[in-house]
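Dock chain B against chain A, hints included.
So the sequences go chain by chain: A and B.
Heads up: the first sequence at position 86 corresponds to 86 in my numbering, and the numbers run straight through without jumps.
When you read off a place in the second sequence, starting at 1, and then add 133, the result is the number in my numbering.
Keep in mind that the hints are not guaranteed to be accurate.
Output of the computed footprint for chain A on chain B, the stretches with three or more beta carbons under 8 Å from beta carbons of chain A [unchecked claim]:
(1) 175-184
(2) 281-291
(3) 326-334
Read the hints as simulated data drawn from the structure, not as lab findings.
Values in this document were obtained by computation on a predicted structure and should not be read as measured data.
Every residue, glycine too, gets a C-beta built ideally from N, C-alpha and C.
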Amino acid sequence: MASERAATFQGPGPDAVWFENVKNGKFRIQKCNHCGKAFFYPRPLCVHCGSADWAWIDASGKGTVYSTSVVRQRPEDGPDYNIALIDLAEGPRMMSRVTGIAPPEVKIGMAVEAYIAPLDKEPLVLFKPAGRQ
Amino acid sequence: MAHPLRGAVAVVGIGLTPFGELPGRSHLEIMGEAIHNALADAGLKKDQVDGMFGSNFADTLGGVLYPEYFGLKNIKVIDSTNVGGSSFNNAMQEAAAALHLGLCDVALVAYGSNARTGTRRGGGPNFGRSFDAPYRPRQPVNSYALAAARHMHQYGTTKEHLAAVAVSARQWAQKNPRAFMRDPLTVADVLKSRPVVDPFNVRDCCLVTDGGAAIVVVRADRAKDFPNAPVYLLGVGSATTHNDISQMPDLTVTAVAQAAPRAYAMAGITPKDVDVIEVYDAFTINTILFLEDFGFCKKGEGGPFVAAGNIAPGGKHPLNTNGGGLSCVHPGMYGMFIMVEAVEQLRGVAGDRQVPGAEIALCNGNGGYLSSQVTLVFGTEATL
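Just chain A, with the same shape it has in the complex:
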């Protein structure tokens, strides 16, 4: 007989909750109640310790550029753009774009902060250099 444990979460799964939060302008990530570590992207089990006991927390939005690249485009396809990996202050790493600065000027180690805006139609967590309007 299967062990009878509580469901790992109530209602919609973490994937759906993530997108609903971003749609509402909220940058929230999961934090494990068992090992205390945060994780991203959204999943039902803590990626560090496997626990199903976790909670959503507000991300501080503070991050550091771990690596960066510039996607070069033909002029007819649009301007070059930045693709970066951001280490969040809470620990997880995510892909994003650093905007508000020329793509090649994004440097590894740069302090950045998050904002939410549509890239195409879909709202996404994007970053800009820390302390800029």
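For chain B alone, kept in the frame of chain A given last:
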């Protein structure tokens, strides 16, 4: 005590198609030519094949498609696991285990692609659920560019170091009549080639060609019953660190750091014993990362190691002697071709590019976005 899989199976047949442009042909038709050539090389008929190992970005259910399409009536073991371009290298571990346990007797590992001339050109595979994709990284090159940028930041690796990998590959390709790109190439040529995703220019990136390859593997106890000298599998290790590049723990350390020690331990070798190296050079940073993670040089020293000529023709550590994915052939899942080149080197039939007296070949297949790494050690009969 030696690992039970050390030397337990051997490659007794290899088959290739022409590389480059094969217009008007489907990936399965190309795969078929490779299979036909591999079976002929082994002196086997198709109905003697009872283990089918193959996968393709184009085929969701390859494991049932290939036996039907090629009329393989006696298949007992099927594996179409897809971990990217290293799938066929990964399949070698499964094939060796299946052969060793007697689940099958003749394993066929095969691949074909019309990535250059076919309608499916570009775009790459669907890697499934991805929180990276909405930012529109240009994949797969973007993931490798991020790894290169981090390596450059952390260790002072330069674009000239990266370019030296492409130049070395081209020098080998110039010795290989089958190679797709054989024109002279200099570091300056690489640096002035079209920027794709910084820090990579187009000559830091592998080719997109058509082509196919296949190999036949049997148990060692009957490996001498075939027309060509058997090439034995001495060791194998498979490891994965992530799917999406954002989830790779350290962009400067690949899963080769886990896979290679396992392969060395099974084979009972160290890097010092290796005569020839064949790796999946999807992008120039791959070769640098793999040389470090193999243990040929310290972490961070791969750039200068390559720039010093170590892997080029005449160097101490001949690498990608066919010209690699950068200059010889790259139809999307290059892992098959490194094994075929290793076998040709160990058979001693590699012509102008032959590494004299090669007895041990080290291979590493790469899949996804540096996601899967599979290290293989092959040896001649003398190494058993």
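Evaluated hints:
| no. | hint | result |
| --- | --- | --- |
| 1 | 175-184 | violated (count 0) |
| 2 | 281-291 | holds (count 3) |
| 3 | 326-334 | holds (count 6) |
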